[in-house]
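Peer 1: The listed protein sequences derive, respectively, from chains C and W.
Numbers given in the working numbering equal positions in the first sequence, counted from 1, plus 1.
Numbers given in the working numbering equal positions in the second sequence, counted from 1, plus 1.
Be careful, since some hints might not be right.
Any copy, or any two copies together, can satisfy a pair, since identical chains are not distinguished.
Quick list of in silico lysine to any residue cross-link-like pairs, SDA-like style, CA-CA up to 25 Å [as the list claims (entries may be wrong)]:
no.	residue 1	residue 2
1	Lys168	Thr130
2	Lys146	Glu106
3	Lys31	Thr68
4	Lys176	Gly138
5	Lys85	Leu52
6	Lys176	Ala87
7	Lys85	Thr100
8	Lys94	Leu83
9	Lys146	Glu163
10	Lys94	Thr160
11	Lys23	Pro86
12	Lys76	Glu35
13	Lys23	Asp117
To be clear, the hints were calculated from the coordinates, so they are not data collected in a lab.
2 protein chains.
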Amino acid sequence: MKTITFVLFAVLALGADPEFNKDGELVRPKNYREWIFLSSGVGMNYGTGDLPFGNVFVEPSAYRNFTETGRWPDKTIFALELRKPATEGSINKGGKYQTSLIAVEAAVKDTARFPDGWGYFGFNGNAATAKVIGTSGGCNACHSKNAAVEHSFVQFYPTLLEIAKAKGTLNPSYKP
Amino acid sequence: MKTITFVLFAVLALGADPEFNKDGELVRPKNYREWIFLSSGVGMNYGTGDLPFGNVFVEPSAYRNFTETGRWPDKTIFALELRKPATEGSINKGGKYQTSLIAVEAAVKDTARFPDGWGYFGFNGNAATAKVIGTSGGCNACHSKNAAVEHSFVQFYPTLLEIAKAKGTLNPSYKP
Numbered sequence: 002m003k004t005i006t007f008v009l010f011a012v013l014a015l016g017a018d019p020e021f022n023k024d025g026e027l028v029r030p031k032n033y034r035e036w037i038f039l040s041s042g043v044g045m046n047y048g049t050g051d052l053p054f055g056n057v058f059v060e061p062s063a064y065r066n067f068t069e070t071g072r073w074p075d076k077t078i079f080a081l082e083l084r085k086p087a088t089e090g091s092i093n094k095g096g097k098y099q100t101s102l103i104a105v106e107a108a109v110k111d112t113a114r115f116p117d118g119w120g121y122f123g124f125n126g127n128a129a130t131a132k133v134i135g136t137s138g139g140c141n142a143c144h145s146k147n148a149a150v151e152h153s154f155v156q157f158y159p160t161l162l163e164i165a166k167a168k169g170t171l172n173p174s175y176k177p
Numbered sequence: 002m003k004t005i006t007f008v009l010f011a012v013l014a015l016g017a018d019p020e021f022n023k024d025g026e027l028v029r030p031k032n033y034r035e036w037i038f039l040s041s042g043v044g045m046n047y048g049t050g051d052l053p054f055g056n057v058f059v060e061p062s063a064y065r066n067f068t069e070t071g072r073w074p075d076k077t078i079f080a081l082e083l084r085k086p087a088t089e090g091s092i093n094k095g096g097k098y099q100t101s102l103i104a105v106e107a108a109v110k111d112t113a114r115f116p117d118g119w120g121y122f123g124f125n126g127n128a129a130t131a132k133v134i135g136t137s138g139g140c141n142a143c144h145s146k147n148a149a150v151e152h153s154f155v156q157f158y159p160t161l162l163e164i165a166k167a168k169g170t171l172n173p174s175y176k177p
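Pulled out of the complex, with its shape left as it was, chain C reads as follows (with noise of 0.2 Å):
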């Protein structure tokens, strides 16, 4: 029972690589919450409010080619899912935990697609698509500036960072 349940498993983490529909739109990843978690934050957002949480996944196959190179395989994809913060529920009085999905953004690396290999999408609401945010957003500036390795920011996912520090594969402009 336990294999047949693997194997069904299996099967939905096997196809996973980014899908785009025939306006080159990201189809919204349906599995990323079976992806592989890379960190948690809180209050990470571009803004101020109400200071979601904000969890990393990235597609399977392209965590284990990180594992084995320290770098992100062409058609990687993450998902960051922001969630709603609460502070009183059941036992918990002090903490934060979360609740109910704010939104899902994605990041892709295709090196045939973006201009400087990565695009970035925003799924709004329930969307099951999203074009591609230009350049005016501001998402490949930050990236390209900041991420400490390639466009991606490992410096937040510490199990990889320990990796890149270990392949050598850190930015030369990234600052710690």
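Fit chain W to the supplied structure of chain C, relying on the hints for placement.
Peer 2: Frame of chain C; chain W shown alone:
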């Protein structure tokens, strides 16, 4: 290449039943970071002070079983990873992100091994094994009294809470 990488990943994910040594101590799970992430909180620890982040992972086949039934199969293992928070680093100036590992804890469902079906473990530092925390430690009392599903705090795992509601498996004693 992607398939080969995936198969390697699958083999790693497969051997994840809880393992006990001859003295009945739990062997530290090696690849829990590649299990299914359930949620993360901050400052939800039992004491006060540095308010760590806590990341909760569950072994993939147990997760798959839960998505189908709303219940945990025997031999389910959870890992709770505690990490230090940081607020100043790289481009982050206000939010909190995760840094070094503080501790790893585990919960195991094994109805033949534990009086109330569940055992709790804390791996001090880099300890390779951990003794079960006896009933005087309070883990069993608090989990059995306050958990939303069986003895697990599904109230803090938003995607699983929806499943438990849909499957009708919330504990009658659970208070949101």
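Peer 1: For every hint, state whether the structure bears it out.
Peer 2: Outcome of the hint check:
no. : hint            : verdict
1   : Lys168 - Thr130 : neither (35 Å within a copy, 29 Å between copies)
2   : Lys146 - Glu106 : within (20 Å within a copy, 37 Å between copies)
3   : Lys31 - Thr68   : both (24 Å within a copy, 15 Å between copies)
4   : Lys176 - Gly138 : within (23 Å within a copy, 44 Å between copies)
5   : Lys85 - Leu52   : both (8 Å within a copy, 19 Å between copies)
6   : Lys176 - Ala87  : between (33 Å within a copy, 16 Å between copies)
7   : Lys85 - Thr100  : both (5 Å within a copy, 22 Å between copies)
8   : Lys94 - Leu83   : both (22 Å within a copy, 18 Å between copies)
9   : Lys146 - Glu163 : within (21 Å within a copy, 39 Å between copies)
10  : Lys94 - Thr160  : between (30 Å within a copy, 21 Å between copies)
11  : Lys23 - Pro86   : neither (37 Å within a copy, 43 Å between copies)
12  : Lys76 - Glu35   : both (18 Å within a copy, 20 Å between copies)
13  : Lys23 - Asp117  : within (21 Å within a copy, 55 Å between copies)
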